[in-house]
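*Asks:* Each chain, written out:
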Amino acid sequence: MSELPSALLARYAGATVSDYLQILKPRVMSLVVFTGFVGLVVAPGHLHPVLAAIAVLCIAVGAGASGAINMWYDRDIDAVMRRTATRPLPAGRMMPGEALGFGVVLAVGSVVVMGLAVNWAAAALLALTIVFYVFVYTIWLKRRTPQNIVIGGAAGALPPLIGWAAVTGDIGWGAVALFAIIFFWTPPHFWALSLYRAGEYAAAGIPMLPVVAGPRETKRQMLLYTLMLWPASLAPWLLGLAGPVYAGAVAALSLAFTGAAIRVWHDDTDRSARQMFAFSLLYLFLIFSLLLVGHIGGGAR
Amino acid sequence: MAGEDRSQRERAMRARNRALAAVLVALVALFYVIAIVRLGGG
Chain L
1 MSELPSALLA
11 RYAGATVSDY
21 LQILKPRVMS
31 LVVFTGFVGL
41 VVAPGHLHPV
51 LAAIAVLCIA
61 VGAGASGAIN
71 MWYDRDIDAV
81 MRRTATRPLP
91 AGRMMPGEAL
101 GFGVVLAVGS
111 VVVMGLAVNW
121 AAAALLALTI
131 VFYVFVYTIW
141 LKRRTPQNIV
151 IGGAAGALPP
161 LIGWAAVTGD
171 IGWGAVALFA
181 IIFFWTPPHF
191 WALSLYRAGE
201 YAAAGIPMLP
211 VVAGPRETKR
221 QMLLYTLMLW
231 PASLAPWLLG
241 LAGPVYAGAV
251 AALSLAFTGA
261 AIRVWHDDTD
271 RSARQMFAFS
281 LLYLFLIFSL
291 LLVGHIGGGA
301 R
Chain Y
1001 MAGEDRSQRE
1011 RAMRARNRAL
1021 AAVLVALVAL
1031 FYVIAIVRLG
1041 GG
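Chains as they are written, first to last, in our numbering: chain L, 1 to 301; chain Y, 1001 to 1042.
Among the hints, a few may not be true.
[Claimed, not checked] Some residues of chain Y that are not near chain L, with every Cβ distance over 10 Å (derived):
#1 E1004
#2 V1025
#3 V1028
[Said to hold, decoys possible] Under 8 Å between C-beta atoms, here's a sample of chain Y residues computed to sit facing chain L:
#4 A1012
#5 A1019
#6 I1034
Worth flagging that the hints you see were computed from the coordinates, not collected in a lab.
Ideal placement from N, C-alpha and C gives every residue a C-beta, glycine not left out.
Could you put together the complete structure from these sequences and hints?
*Replies:* Structure representation (C-alpha cells):
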C-alpha cells in the first residue's frame, strides 16, 4: 500500500467510514425507517419476521442511497449554505464520483434484495421512491419551483406504502392514508425551516417559498396545509386502522400543530418558526407511534 | 508533516477496507438467511 503514488493516495484515501455514513443522511433515514416500519406493522397480513427485518433494512439503505445521490448532485449549493457546508463533498473530504458510485450501488442493491427477499411490488415502490427523490425532486424541481417540497415531498411519503406492500403485495387505502399524512405534513415542516433559513436558500439560488413569495404567503400556506392535515391524520381512524384513542390524541396534536402555524402567522421573529419546525418532527413521530402502539396493543380496530 | 498526512490517509484507507469486508460478510450472511427463510416457505 505504501508503494502507491502519493497523488493517488491523496485522491482516494480522504473519505473516512464516518463520511460514508454521513452522506446517507442518517437523521432523515431514521424517520423514513420508522414510518416504513409502521406501514409494515399495521398492514393486514403476516410477513416472516426475518423478511420484515430485511424489508426495513432495504428501506433504510434505499433512503441512504437517495441521500448520497442527492449530496452528489447538490454539492455546489451545499457549499454555499452554512447548514450543509461541512458535509463530506463540499468540505472536500470525498470525491464526487465516490458519493455517486456509493449511492447508485446501494440503490440498486436495496431494490434487488427487496425484490428477491420480500416481493417485487415493494421493490418497485422502493425504486419509484429513489427515482422520484433523485430525478423529480433533486434534479428537476428543487432549483426550479417553490413547489419543490410539495411535489417532491411525495418521495418522503412513500416509505409506509413500501412497508405495507412488503406484507400485502399491493397498496390498500390504509397505506394511502399513511402516505397522505406525510404528504400534507411535509410543506409546513420544511417551510418552517426555510422561514428562518431564507437568506441561505436565497444565496444558494434555491426558490423556496419564503424566498420567492415572501414570509407572509409562506405562513398562509403553512396554515392551510396544517388544516388539510386534519382529515389526512384522522383517516386511519375513519378507515378502521386505528381506534378512538388514536382519534382523540391526533385531534389534540393537530390542534397544537395548527396553533403553532397560527403563532407563526402572528410572529415577525424566527422564534415561532423554529418551535414549529421542532414540533413538526414530534408531531409525525407521535402520530406514527400512536398507530404502532394501537396496533400492537390490539385495541386499535 | 507529509509523513503524518500519509499515515492518516493510510489509517482511513484501512478503516474503509475493514468496513467493506464487514459489509461483504454481512451480505453473504444476508443472502444465506434469505435463502433459508424462502426455502422454508417464509
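*Asks:* All the hints need checking, so say for each whether the structure fits it.
*Replies:* A quick look at each hint next to the structure:
No beta-carbon of chain L is positioned within 10 Å of the beta-carbon of E1004/Y; the least distance is around 13 Å. Annotated as non-interface, V1025/Y keeps its C-beta farther than 10 Å from every C-beta of chain L; the closest such distance is 15 Å. No beta-carbon of chain L is positioned within 10 Å of the beta-carbon of V1028/Y; the least distance is around 13 Å. Checking A1012/Y against chain L by beta carbon gives a least distance of about 5 Å; that is within 8 Å, so the hint holds.
Taken as an interface hint, A1019/Y checks out: its beta carbon lies about 5 Å from the nearest beta carbon of chain L, inside 8 Å. Residue-level restraint check for I1034/Y holds (minimum Cβ-Cβ distance to chain L is 4 Å; threshold 8 Å).
No hint from the list above goes unmet by this structure.
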